[in-house]
Amino acid sequence: MSEITPDLVRHLASLSRILVTDDEVEKLAGELGVIVDSVATVNKAVSGDVVPTSHPIPMSNVFREDEVAPSLTQEQALSGAADSAEGRFKVAAILDED
Amino acid sequence: MAKEPLMDFEEAIERFEVVIGLEVHVELNTKSKMFCGCANVFGNEPNTNVCPICLGLPGALPAVNKKAVESSIAIGLALGCEIAPNGRFARKNYFYPDLAKNFQTSQYDEPIAFEGKLDVEISDGQVFEVLIERAHMEEDAGKLTHVGGATGRIQGAEYSLVDFNRAGVPLVEIVTKPVFGAGANAPELAGAYVRNIRDIVKAMDVSDAKMERGNVRCDANVSLRPKGQEKLGTRTETKNVNSIRSVENAVRYEIQRQAHILAGGGSITQETRHWHEDRGYTSAGRPKSDADDYRYFPEPDLVPVQPANSWIEEIRESLPENPQQRRKRLGNDWGFSELEFRDVVNGDLLDLVEATVAAGTTPQAARKWWTGELSRQANAMELSTSELAIAPDQVATIQKLIDAGDLTDRMAREVVAGVIAGEGTPEQVIEKRGLKVVTDEGALIAAIDEALKQQPDVLEKIREGKVQAAGAVIGAVMKAMGGQVDAARVRELILERAGS
Chain F
1 MSEITPDLVR HLASLSRILV TDDEVEKLAG ELGVIVDSVA TVNKAVSGDV VPTSHPIPMS
61 NVFREDEVAP SLTQEQALSG AADSAEGRFK VAAILDED
Chain P
1 MAKEPLMDFE EAIERFEVVI GLEVHVELNT KSKMFCGCAN VFGNEPNTNV CPICLGLPGA
61 LPAVNKKAVE SSIAIGLALG CEIAPNGRFA RKNYFYPDLA KNFQTSQYDE PIAFEGKLDV
121 EISDGQVFEV LIERAHMEED AGKLTHVGGA TGRIQGAEYS LVDFNRAGVP LVEIVTKPVF
181 GAGANAPELA GAYVRNIRDI VKAMDVSDAK MERGNVRCDA NVSLRPKGQE KLGTRTETKN
241 VNSIRSVENA VRYEIQRQAH ILAGGGSITQ ETRHWHEDRG YTSAGRPKSD ADDYRYFPEP
301 DLVPVQPANS WIEEIRESLP ENPQQRRKRL GNDWGFSELE FRDVVNGDLL DLVEATVAAG
361 TTPQAARKWW TGELSRQANA MELSTSELAI APDQVATIQK LIDAGDLTDR MAREVVAGVI
421 AGEGTPEQVI EKRGLKVVTD EGALIAAIDE ALKQQPDVLE KIREGKVQAA GAVIGAVMKA
481 MGGQVDAARV RELILERAGS
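One line per chain: the protein sequences are F and P, in this order.
Numbering-wise, the first sequence is residues 1 to 98 according to the numbering used here.
Numbering-wise, the second sequence is residues 1 to 500 according to the numbering used here.
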């Protein structure tokens, strides 16, 4: 059984800026534990000398030349924003970081 | 919030060992962004250099800018680093509106460059070897403007506005290993290190390197430990310090602040802090996240960077002279006193003086112009000296006119002012303002005679040995001729008149 404690769930929730109730914390701790344990079974199938895969095809050095391509207009850029002002995306003030 | 209690700096150094660690972010001056083709330019209308990739819209696929990789390798090599045969990008996950993707594309356990070192000389000639842990590639974040609240700062803001023009601009983050043993020199060393990095990336032309624009930014880690203790103390990280002087001041402040807390039996909170240059203190930001909190994982949309040795060597060949070595060479060539040379270096005037000398002045003449009159003009206009609208070859032209006796020093300053004011080339300013030394001796003698008439006792005084009495007459002549005369020649003529 993995160690997904209620405190860890609360910490993850705060990193993700998701508000969770105490009931949800208990429930999520159990569910996340099951998920992590399930994924961990992969470890049984591979030995230590298998290189982790982050990309399905063995490729490298896919580069783009340093050339400027057209950007969106300001109107286009902001068209999907929930709110905007002065040509900028408008978001709720978030304290504690700068 | 305000200044916290501080321990006297000397006492703090006496009681604690200072350990610093520096993270310098260098914005690269590529034409386009790190992962998309949006222009990498400063100062455009907000959200006009953005696209689905740097806005993190669903389905957008990034592609790595080759030039940015090349510049990153070059920076690594200039810092004596190894270049990783296999580098990979990683997602650094955090939720903050300065990046729309909810992660920053960065590098984690496979940075492009690692294990380097930089020798940093401070003003008393001591050289410290600063070990570089790594230099990695990442992208810059957007710019937030906090609106509302009394101070316009984040505290009390009602909402924030986001401009993503800077999001995705290529950055190289250079991280040092902990630096021990600098003691009382730690603040100066921190500043000198940042200056060295800035000079290097500027000389390499991989960054515009303007600290005031945030092209080079420093996060300064400071911790203290009682002397003799092995274990490192808890550190604070002062973020985004944007000038060399601020780096020095922020490090000094943190040493004094932490020393006061530790001496009183308290403990340091591991946190980020913000530096307030105007009032000279740091204030607490957020508690520092651990690397785990960022839940790094390999970026699945980008493939590894595996630079060929031939490419690395090609880049190594193209590196310019190390700025510190260049300073040494120029210092020898120019023959300035230590103080004179330091003024040139500290004023960021090496390039300008070198170009002026190349245009045909003596090193001393070039130095005097740039550290003197031109620095004064720049200060008055709140510009950096390199931003003044006068070119080194124009300064050289003006100096040559002085040497030829065509301009007095005072007139030369007027020409300089005219050029800076946009009145044209030195020749055009001279023409427009009618600046020409009066070499017509007849006119000079007439003016002298006129002045002597007003002050008839002067010649008598000179004959009695009071040569300084000539000064009043020289002044009157200068005034009468609109300053366009050679004061030394006037003096000679007066003394001749006195028959001495």
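In case anyone wonders, no lab produced these hints; they're calculated from the structure.
Among the hints, erroneous ones may be present.
As the list claims (entries may be wrong) - SDA-like, lysine to any residue: derived pairs with alpha carbons at most 25 Å apart:
id: 1; chain 1: P; residue 1: 92; chain 2: F; residue 2: 6
id: 2; chain 1: P; residue 1: 66; chain 2: F; residue 2: 66
id: 3; chain 1: F; residue 1: 90; chain 2: P; residue 2: 66
Outcome of the hint check:
For the suggested pair residue 92 of chain P and residue 6 of chain F, the alpha carbons sit about 24 Å apart, so the restraint of at most 25 Å is met. Distance hint between residue 66 of chain P and residue 66 of chain F is fulfilled; the C-alpha atoms sit about 6 Å from each other, no more than 25 Å. Distance restraint check for residue 90 of chain F and residue 66 of chain P: the Cα-Cα separation of roughly 33 Å exceeds the 25 Å cut-off, and the hinted pair is therefore not satisfied.
Hint 3 from the earlier list is the only one contradicted by this structure; the remaining hints agree with it.
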